[in-house]
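Colleague: As given, the protein sequences belong to chains D and H, one line each in that order.
At position 71 of the first sequence the residue is numbered 73 (the numbering used here), and the sequence of numbers has no breaks.
At position 80 of the second sequence the residue is numbered 66 (the numbering used here), and the sequence of numbers has no breaks.
Quick caveat, the hints were computed from the structure, so don't treat them as lab data.
Computed from a prediction, not measured in an experiment: that's the story for all the values here.
Heads up, some of the hints might be wrong.
Claimed, not checked - With a Cα cut of at most 27 Å, we get these calculated DSS-like pairs of lysine-lysine:
#1 K95/H with K9/D
#2 K75/D with K10/H
#3 K95/H with K(-11)/H
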Amino acid sequence: MLYIIYKLVLITIILLVSLGIAMYATLLERKFAGFLQDRFGPDRAGKWGLLQPVADGVKLFFKEEYMPNTADKFLYILGPSLTMLVALLTSAVIPWGPSIFIAGTEFSLQVADLNVGILYVFAIMSMGVYGIMIGGWASNNKYSLMGAVRASSQMISYELAMGLSIASLIMVMGSVRLNDIVDAQQGWNWNVIYQPVGFLIFFICALAETNRHPFDLPECETELIGGYHTEYSSMKLGFYLFSEYINMFVSSAIISTLYFGGYHFPFIDKLGLSPNVAAIVGLMIFFAKIIGFIMLFMWIRWTLPRFRYDQLMRLGWKILLPLALLNLAITGIVILATQ
Amino acid sequence: MEKIIFYSLSTLAVFSALMVVLSKKPIHSLLYLLLCFFTIAGHYVLLNAQFLAVVHIIVYAGAIMVLFLFSLMLLNLNIKEELQKTVWMRIIAVISGGLLLVALVGVLKGLDTSAGPMLASTQIGLMKNIGNVLFNEYMLPFEVASILFLTAMVGAVMLGKDEEKVVKK
């Protein structure tokens, strides 16, 4: 009984933290854009614009709800809901920090310790395309459909290279459990040192999977008005926009887990902290890494222009995929030679 | 607990499988099929085969069904454009469906369920065990199957190529 309550509390906390971080990521993004473009960014609502995300949320809630006449009603609502669900599901397997001990009982900071951890993440990521496609198709608008088709072909293309980069990571680690992967990266043994090419491929694919710049062709304003969410308004649009930020948060968490040591920190053993304090420090370090990656995502967004569609496909199929295959082969040869 | 999950999953699986056939719109039946795949993945998890469950979702739901969805959306099939079935086609369909039912009933009758299904090991579905079996005992079939897939892939690329360009070379 205690176990169920504790898991429910943990799930609620993770849900709220993901939503909160995604909410303030929108503000961070605008502030960051302001900084890079030499302007202030939002600073009217609250101190330093801290209430801006709340104001945006309220605005979206009270906007007029509009549904096109020719839309497939059920699928039109299913689209954004599915996108949101899939964006939130991945956080279930991420090990957020070391276990906390309260009165001798161990409380793990991970909701589900699956022994197919990475594969679960990969499976859920491959589901992400459905929400966008269903929403884009159900709107019954050619721009929406074009955006949806672009999104799905982009995701399918980049999933291959991503899967291969994960495969070479699994070969190095010898396990697909996320806990094992994090524990193997104690000290400076970060996977990014052993798999630099794999990390680069994974990172680029993560950008493409989250539909972030420079891969945001599905919502390319100059060509497609708004892309797959052209016909959406009110909170349904909010769900689409918001799930992008949740996706960014979860992708950053996964990149930190897989390649940057998760909650481990090089000198944490030498500080002589008690397990609980060490767990909290580890948790904070993990979040610092995540926020660092979110900043990197934003930096890229405000630095690079958007790709052209054929460039995007060429990069995915003719550069990243062969590179990932080569990386896989070299990893295999090195493992065989050093055994 | 396990029984409750099993029966609710099975009910959902049968319901979604029926809806695949019964729903009028192709997109709806595709989404029901997707639901069906997820319930089957749930059954794999109940059998302690998490790896199979996840791979099932990655391959079927994440790859194959996306391609189906893709083509369905671009073709934009409507109920109006569906082929009208003639009386003869219906009669033939009823007869063949009935024959399938008879065959299934016959198989079920001959089945000896008293002993219950026996698994060699409850751990067989785990990734390590599957890998060991696949790369030791079934090495040859596994490699042959992968070559088959490669051939199919090369064939698909060949078919997809612009014919004029191929001829020019």
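Colleague: Hints first: check each against the structure and report whether it holds.
Modeller: Each hint tested on the structure:
1. With a CA separation close to 46 Å, the supplied pair K95/H and K9/D exceeds the 27 Å bound.
2. Proposed proximity of K75/D and K10/H is supported: the alpha carbons are some 15 Å apart, at most 27 Å.
3. With a C-alpha separation of about 24 Å, the suggested pairing of K95/H with K(-11)/H holds against the 27 Å cut-off.
Going through the hint list in order, the structure does not satisfy hint 1, though it satisfies all others.
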